[in-house]
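K.L.:
Those protein sequences? They're chains C and G, same order as listed.
One rule links them: number in our numbering = place in the first sequence (from 1) + 1.
One rule links them: number in our numbering = place in the second sequence (from 1) + 1.
There's no promise every hint is true.
Identical chains share a label here; the pair holds if one copy fits it or two copies do between them.
To be verified - With a Cα cut of at most 30 Å, we get these calculated DSSO-like pairs of lysine-lysine:
| hint | residue 1 | residue 2 |
| --- | --- | --- |
| 1 | K11 | K61 |
| 2 | K61 | K27 |
| 3 | K27 | K56 |
No wet-lab data here; the hints were simulated from the structure.
These are the residues of each chain, in order.
2 protein chains.
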Amino acid sequence: MKARVTVTLKNGVLDPQGKAIEGALKSLGFGGVDSVRQGKFFELELTGSDPASAKAEIAKMCDKLLANTVIENYAIEVTG
Amino acid sequence: MKARVTVTLKNGVLDPQGKAIEGALKSLGFGGVDSVRQGKFFELELTGSDPASAKAEIAKMCDKLLANTVIENYAIEVTG
Chain C
2 MKARVTVTLK NGVLDPQGKA IEGALKSLGF GGVDSVRQGK FFELELTGSD PASAKAEIAK
62 MCDKLLANTV IENYAIEVTG
Chain G
2 MKARVTVTLK NGVLDPQGKA IEGALKSLGF GGVDSVRQGK FFELELTGSD PASAKAEIAK
62 MCDKLLANTV IENYAIEVTG
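Given these sequences and hints, build the entire structure.
P.N.:
Okay, structure coming up:
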């Protein structure tokens, strides 16, 4: 089973990396950029075939390792 | 207008960071993990209101800055 996890900074948390990318895009001539936020992305391949239990397991992985839940949110998408 | 960009390594490109996360998850007791691939994620806020032209503009940004198209693929999702 495959799953995609997206980890993003919570609203209000400063994102200097995103700001730097925003500045770089603007200096490259992309004027239509209002803001950029950078996050992380994980593609997991899992044994097992139950989407609900896979999602619960991945939530535990996020809490323990993949995300810093003090400043980050995560979204899990099990794609089967 | 908002857009989400996911940048992932192409198939066949080694992903040592993903391998390290896979090992860490296994040593934390998550036995059901077959493989992990790490990617990047960007949330962009754009001026303008035409999804098609926004997507074309973001593709240019990916080619120029956000992705290394020699080893990475990107996916663009305009969320309106």
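K.L.:
The structure should be examined with respect to each hint, and the outcome stated for every one.
P.N.:
Okay, the hints, checked on the actual structure:
1. K11 - K61: both (19 Å within a copy, 27 Å between copies)
2. K61 - K27: Between copies, since 13 Å is at most 30 Å while 38 Å is not.
3. K27 - K56: Between copies only: 17 Å across chains, 38 Å inside a chain, cut-off 30 Å.
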